[in-house]
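When you get a sec, could you build the whole thing from the sequences and use the hints?
Chains V and H are the protein sequences, given in the same order.
Mind the numbering: the first sequence is residues 10 to 124 in my numbering, read in order.
Mind the numbering: the second sequence is residues 147 to 286 in my numbering, read in order.
Just so you know, the hints here were simulated from the structure itself, not pulled from any lab data.
Treat the numbers as computed from the prediction; the structure is a model and nothing was measured.
In this text, a Cβ means the ideal position worked out from N, Cα and C, and glycines have one as well.
Errors might be hidden in some of the hints.
As the list claims (entries may be wrong) - Pairs of lysine-lysine residues, derived as DSSO-like cross-links and limited to a Cα-Cα distance of at most 27 Å, are as follows:
1) K51(V) / K263(H)
2) K94(V) / K234(H)
3) K269(H) / K51(V)
4) K83(V) / K20(V)
5) K234(H) / K51(V)
6) K225(H) / K94(V)
7) K225(H) / K51(V)
8) K177(H) / K234(H)
9) K154(H) / K225(H)
10) K262(H) / K225(H)
11) K234(H) / K223(H)
12) K94(V) / K154(H)
13) K154(H) / K223(H)
What the hints assert, rightly or not - Partial pick of chain V residues on the chain H-facing surface, computed with a CB cut under 7 Å:
14) I24
15) E28
16) V34
17) H35
18) S36
19) M42
20) M43
21) S44
22) A48
23) D52
24) G59
25) L60
26) R67
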Amino acid sequence: MTIADVQDVLKCRIICGEEYLDREVHSACGADMMSDVLAFVKDQAVLLTGLCNPQVIRTAEMMDIICIIFIRGKKPDEDMINLAKERGIVLMATGHRMFSACGMLYSSGLRGGAS
Amino acid sequence: MGEGIVLKYNVPGDDFTRAGEASGAVKSQLKQMQLSPDVVRRVAIAMYEGEINMVIHAEGGTIEVCITPEYIDMVLKDKGPGIPDVEKAMQAGYSTAPDNVRNLGFGAGMGLPNMKKYTDEMKVETTLGVGTTVTMRIYI
Ligand SMILES: Nc1ncnc2c1ncn2[C@@H]1O[C@H](COP(=O)(O)OP(=O)(O)OP(=O)(O)O)[C@@H](O)[C@H]1O
Ligand SMILES: [Mg+2]
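Laid out in structure tokens, this is it:
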């Protein structure tokens, strides 16, 4: 599926990166601990998180994650948005909670990727 | 440090929001040099883990990266408290990070083992009350 499909499934509000919505994504991960993302994520392109600080963007940058979805309506600040823009990372927000958001994406065909 | 391109960074210890700037800059540089995505990613992850450690455990420090045609060296030096038991610190899950660090998304005790996993060589030199130097090499 594409990032646009992800947006549709979770009824996301796009914060930045509209120009990249047609990018293909095959797997995702959900985590509030960036330590875990750095240690366990392999090639997941989408990160769902309830954490909202600049290190979320940095972590995505290092891991080649191309789309971050903030759950429960978390709002990134100006600095975070600018950093994401610089790195070509899509930021979106959904009102769904972590469990529901992950389940909805899984039902739509996204997978957890290699473990 | 052998011959090659040398990049130096100062990592401020009092600004968590800026942690990762150095690693991000190095990642961009390596990408620009068209090194393999696997090498770029391994360098980025190992260096970022080390950079975060310097900020959350050691009040910042300096990073020197040396890029040669055969390998990339990273030397992360801090004047923090040092590590009392390196062997223990290297174990997955061991962390002394306080709750406020955990609330920022770190402190699972996965950083040092992850650095070891993604690098070809890694050395931790540390003296209590003086500081820690982590040296890592990744072959291209
Ligand atoms: N530069 C450093 N100076 C002092 N102590 C350090 C340093 N780096 C690591 N340590 C110590 O080693 C422990 C383990 O480090 P490690 O990076 O593996 O885990 P962490 O930083 O606690 O959590 P995570 O990396 O998963 O976010 C730390 O909790 C800390 O006690
Ligand atoms: Mg760490």
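Sort out which numbered hints this structure fails and list those numbers smallest first. Result: hints 2, 6, 7, 8, 14, 15, 16, 17, 18, 23, 24 break, sorted rising.
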